[in-house]
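So the sequence shown is numbered by the UniProt record's numbering: it starts at 1 and just counts up by one.
It should be emphasised that the hints constitute simulated quantities derived from the structure, not laboratory data.
Keep in mind it's a predicted model, so treat the numbers as computed, not measured.
All residues carry an ideal CB built from backbone N, CA and C; glycine is no exception.
Some hints could be false.
Taking CB as the label site, the calculated pair distances span [said to hold, decoys possible]:
hint, residue 1, residue 2, range
1, L376, F201, 25 to 35 Å
2, K60, F201, 39 to 49 Å
3, K287, R380, 18 to 28 Å
4, G269, A191, 25 to 35 Å
5, A294, P111, 31 to 41 Å
Listed next, the in silico DSSO-like pairs over lysine-lysine satisfying Cα-Cα at most 27 Å (straight line) [unchecked claim]:
hint, residue 1, residue 2
6, K70, K339
7, K139, K114
8, K241, K205
9, K332, K359
10, K220, K187
11, K114, K96
12, K70, K297
13, K339, K114
14, K205, K262
15, K217, K262
16, K220, K369
17, K132, K187
18, K359, K293
19, K293, K369
20, K44, K114
21, K70, K299
22, K28, K293
23, K68, K339
24, K68, K324
25, K205, K187
26, K293, K262
27, K344, K287
28, K344, K286
29, K190, K132
30, K241, K369
31, K166, K190
32, K220, K166
33, K241, K217
34, K157, K195
35, K248, K157
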Amino acid sequence: MQVKVNVVVGAVAALLSGVAMSQELVVKIGHVGPTSGQIAHLGKDNELGARLAIEDLNAKGLTIGGKKAKFELLAEDDAGDPKQGTAAAQKLVDAKVNGVVGHLNSGTSIPASKVYSDAGIPQISPSATNPKFTRNGYKTTFRVVADDVHLGGTLGKYSVTQLHGKSIAVIDDRTAYGQGVADEFEKGVKAAGGKVVGREFTNDKATDFTAILTSLKGKKPDVVFFGGMDAVAGPMLRQMKQLGIEAKFMGGDGICTGELPKLAAGTMGDGQVVCAEAGGVEGEAKKSMDDFKAKFKSKFNVDVQIYAPYVYDAVNVMAAAMVKAGSAEPAKYLPVLAKTSGYKGVTGTISFDEKGDIKNGALTLYTYKGGAREQLAVVR
1 MQVKVNVVVG
11 AVAALLSGVA
21 MSQELVVKIG
31 HVGPTSGQIA
41 HLGKDNELGA
51 RLAIEDLNAK
61 GLTIGGKKAK
71 FELLAEDDAG
81 DPKQGTAAAQ
91 KLVDAKVNGV
101 VGHLNSGTSI
111 PASKVYSDAG
121 IPQISPSATN
131 PKFTRNGYKT
141 TFRVVADDVH
151 LGGTLGKYSV
161 TQLHGKSIAV
171 IDDRTAYGQG
181 VADEFEKGVK
191 AAGGKVVGRE
201 FTNDKATDFT
211 AILTSLKGKK
221 PDVVFFGGMD
231 AVAGPMLRQM
241 KQLGIEAKFM
251 GGDGICTGEL
261 PKLAAGTMGD
271 GQVVCAEAGG
281 VEGEAKKSMD
291 DFKAKFKSKF
301 NVDVQIYAPY
311 VYDAVNVMAA
321 AMVKAGSAEP
331 AKYLPVLAKT
341 SGYKGVTGTI
351 SFDEKGDIKN
361 GALTLYTYKG
371 GAREQLAVVR
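Could you put the whole structure together from the sequences, leaning on the hints where they help?
Spelled out as structure tokens, the structure:
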């Protein structure tokens with residue numbers, strides 16, 4: 001008799017366990033960034049932002065369509081390479097992820113966006129700023145930062161009106177991001193009545209800039225703008241110092257990192273560098289960003305480089321759309337995601353326009369003093 005009771009109890013327990021298991025919904029979020037190569041510090045920063053978001057979502061115990069959601073992160077490395085980026089995108093599609101946050105670079109985000117679009121999987125970039133990213137008509141493509149039209153144009157105007165640049169030189173690394181932001185910067189300079197005295201280019205893996213800097217030195221620039229990433233900007237600053245070029249050095253979000261002073265090896269003068277982050281908060285919203293940075297440092301024992309908070313918000317915006325739609329199926333929550341309006345994140349208020357761009361995106365201008373970033377202004 002006891003044996004029969006035990007069998008019945010065991011059967012009931014197994015049945016209840018099965019019911020509980022059926023009530024759990026596994027939601028797979030993909031993240032792609034360059035976690036190897038010259039800018040791995042930026043890719044890892046983004047990935048940690050995603051990991052923190054996933055951990056916090058699971059701690060909240062969210063339910064989607066009546067089922068408890070368990071969020072999982074599938075992280076891939078694209079090394080900042082477009083071909084590897086599309087391969088990583090296809091790998092995530094094959095893994096049937098519910099959504100993707102990434103990629104970091106415009107050069108990888110743009111080709112990958114077609115892969116996600118073809119599969120109907122929503123993609124939110126926390127850092128790709130080339131305007132083309134949201135101009136291909138894909139309904140699956142979103143971003144939570146301002147684009148290069150705003151970023152490059154604002155820096156171009158600033159170089160003339162605030163830095164009083166009379167002869168401005170422009171260099172880019174020929175990537176989708178670097179060339180794009182440099183083009184917009186040049187337009188901004190000319191619109192403000194400034195003069196571009198030289199335009200040179202390099203590549204995103206170069207270390208020797210002697211030839212192009214020597215060429216520009218003869219034009220006596222008082223401002224040098226570089227469209228590219230900090231791994232190239234650092235050595236460029238060192239070589240400018242060696243050649244006696246005492247110009248102000250400007251760049252977009254790619255150089256506006258905590259790592260730049262180290263990469264420049266102590267050659268940056270206070271106030272010499274002016275850069276912009278494609279995002280920013282001010283007033284009461286600044287506290288949420290400060291709190292996030294403190295939590296991030298406590299969790300991972302490293303400082304935020306630049307875009308980890310935007311990754312964190314992107315993951316949470318995606319999850320919020322799933323909850324509201326009552327489904328993690330891309331086709332069902334995508335229309336809700338597209339209508340995101342007034343979401344309060346650590347990076348500010350997030351609303352998407354008809355292209356998938358953030359509405360009223362902010363831009364934060366920084367300089368460096370004593371080896372640390374110092375905020376100059378938030379511009380909208």
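(message) For a C-alpha distance cap of 27 Å, please report whether K68 and K324 respect it.
(response) holds, 14 Å
(request) Would you check the hint for K241 and K217, treating anything up to 27 Å between C-alpha atoms as holding? (result) Given that 27 Å is the threshold and the Cα spacing comes to 11 Å, the pair holds.
(message) Check whether the Cα positions of K344 and K287 lie no farther apart than 27 Å.
(response) holds, 13 Å
(message) What's the verdict on K241 and K369, does the C-alpha distance respect the 27 Å limit or exceed it?
(response) Roughly 17 Å separates the two Cα atoms, so the pair holds.
(message) With the threshold set at 27 Å, check whether the alpha-carbon distance from K205 to K187 stays at or below it.
(response) Answer holds: K205 to K187 is near 26 Å, not above 27 Å.
(request) For the pair supplied as a hint, K132 and K187, confirm whether the alpha-carbon distance does not exceed 27 Å. (result) This hinted pair holds, its Cα atoms lying about 17 Å apart.
(message) Tell me if the straight-line CA distance from K248 to K157 falls inside 27 Å.
(response) holds, 14 Å
(message) What's the verdict on K157 and K195, does the C-alpha distance respect the 27 Å limit or exceed it?
(response) holds, 11 Å
(message) So if I understand the rule, the pair passes when the alpha-carbon distance is 27 Å or less; does K241 with K205 pass?
(response) Measuring from Cα to Cα gives roughly 20 Å; hence the hint holds.
(request) Given the range 25 to 35 Å, decide if the beta-carbon distance of L376 to F201 lies inside it. (result) holds, 28 Å
(request) Would you check the hint for K114 and K96, treating anything up to 27 Å between C-alpha atoms as holding? (result) Cα-Cα ~16 Å, so holds.
(request) Mind checking the alpha carbons of K44 and K114 for me, to see if they're no more than 27 Å apart? (result) It holds: about 24 Å lies between the C-alpha atoms, which stays within 27 Å.
Checked against the numbered hints listed earlier, the structure breaks none of them; every hint is satisfied.
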